[in-house]
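**Q** Chains as they are written, first to last, in this note's numbering: chain A, 1 to 320; chain B, 1001 to 1311.
No false leads were slipped in.
Here are the simulated DSS-like pairs of lysine-lysine, each with C-alpha atoms no more than 27 angstroms apart in a straight line:
| hint | chain 1 | residue 1 | chain 2 | residue 2 |
| --- | --- | --- | --- | --- |
| 1 | B | 1300 | B | 1083 |
| 2 | B | 1022 | A | 134 |
| 3 | A | 260 | A | 74 |
| 4 | B | 1022 | A | 132 |
| 5 | A | 104 | A | 260 |
| 6 | A | 74 | A | 104 |
I should point out that these hints are in silico values taken from the structure, not numbers from a laboratory.
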Amino acid sequence: MTAALRDMAGRKEVSRAARMGRGVAWALLVLLMIVTLFPFYWALRTALTTNPDLFAPGGAEGLLPPDPTDVNFKRVLGRATDAEIQEGSGRENSASFDYLLGLKNSVIIATVIAIGQVFFSALAAYALARLKFKGREAVFFMFIAGMMLPPIFILIPNLLLMRDMPTWLFGDANSGWLNTYQGAIAPFFLMTPFAVFFLRQFFLSINRSLEEAALIDGANHFRIFRSVILPIASPQLVTMGVLAYVTAWNEFFWPFVVAKDPEVAPLTVTLNAFSVQQPGTQPDWSGLMSGTLLAALPVILIFAAFGRRIVDSIQFSGIK
Amino acid sequence: MTAISNRPAVGGSKLNLYGGWKVAFWFLLPALIGFVVFYLVPSIRGIYLSFTDTNLLSGRGEVIGTENYSELLQDDLFWNAIKVTAWYVLINIVSQTIIAVLIAVMMDRLTKSAFIRGVVLLPWLIPNVVVALLFVWLLDPNLGYVADVFGWFGIDSDFFTSTTAVIPTIAGVNTWRHMGYTALLIFAGLQTIPGSLYEAAALDGATEMQMLTRITIPLLRPVLALVLVVTVIGSFQVFDTVQVATGGFGGRPGGPVNASRVIYIYIYEKAFVQSQLGYASAMSVMLLVVLMGITYFQLKILRAGESDLSS
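With the rest of the complex left out, here is chain A (with noise of 0.2 angstroms):
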């Protein structure tokens, strides 16, 4: 081993220092991977046990869960017993979290605006990467410029725009578009600033041979774009697809102020007042901590499906 290493940096000898700060280093890469990593085990041994165990004499010491059960996944399933409800949290009126609603409506929204925000986009950044016109600059310029715009400032018109939508738009004649899905995609569902400009970063680094060949034997550019960009994009247009869908699934700020109500709001939104409820002298830690972990879990999910893809973009943004 030392002598590959001797081998590899080229040098007459490592030296023990160089060796030794190589094992701190490492060691502090593994403390990472367990400060990254623990709070999601943590969260996972807590929902496997019940609240009055949890909160019996050291209940909540020790890494492994005193008395597994699976009574607290059941009760924000909605599969739980009036018994084991009341066996899991230690209450007879427990606050009650509807997980399955709340990853339905999450599910509605976020795959809508994944899509029709990578479809526009993608739409746009073909036209700022590909075509030439008048004024090219000044609307990338101007999408650029969205981007620095701190959410908060575009909210409070927006939510107006939201309630006073009118009913030939499918608007509530009193609350417009609140408390409706419409109103918690719309408006992402047509751009981002980020999404063009990333998709333009892509668009730009596809060679041009292809799309000038077809160019040359007639074709239109929505043709091009339909069978020449979009095919030898798709890889692209998927990474842009999963960060688009994992930002609308974990936006918080929109939804809490346009679609409380629990029959459309998403899981970042019934989760928080789920935690609202909860009384600040012992609260159902076990019921909050499996609604927390099953409301992270799609993330979860796409991000083992994704995660590389995920991590190439991101270090791709980086250099551009």
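We have chain A; now place chain B onto it with these hints.
**A** Leaving out everything else, chain B in the frame of chain A:
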């Protein structure tokens, strides 16, 4: 590319190859509608609202000139919010940047493992609301596992419930969430530093520490500058973590007292609890101006556009 445009035009003028407005318009139309409706017009309307006394509930308001702004300058809670936010940004950015540089350098020197990079990024993908709840539990004064660990070192076990600890705690939580993401951005910057520099330094007997301070940090400056601009802007806009961590379990968002009432929380409260949209808009405009100023100075001071490599 140039070869094509030099060719004799095929089936019409050269313009057709690159579209022109007639083609570009249709490609841009949906995104332009989105931008105009949800970014441009709201920006103008936001500035307009800041000069009115618009009320959320009545929906009406009249132009009152700069009254909101003059009131704002005398509002102790506004200055408190600025102070609290600045304190948060300072702690968050300093800790996050230092840790991220260390992680990035360690990854660069020790391992190219995609798995490790993935794990490091994970917290950034988790919803703020989830992260906040995880840490409220881990740092719970009675049963929190991490609070116990801090207790061994004699660190007080009040985190979210103490007026002095709440901001450093929230800054720490967001450092946990963002350090991996920031590290990856910096890691990407590290890949642009030629390896030959390190080899030469190693031959001259330089230590890892010397390489870090003499080669890595100076050559990383342009990337670091851009990362700082992005993270500082993001840090100023902290909301979710504060709202969830201080607003649940019988607490009040921004509490205890006003200790964590960052600017976003105060704007939210003015707009949606007290219904004073005009006043809240004036604060948003101030925030925008402050952020623009900070970004401008950062880019100036850090000379983001220039690299030390060429000089």
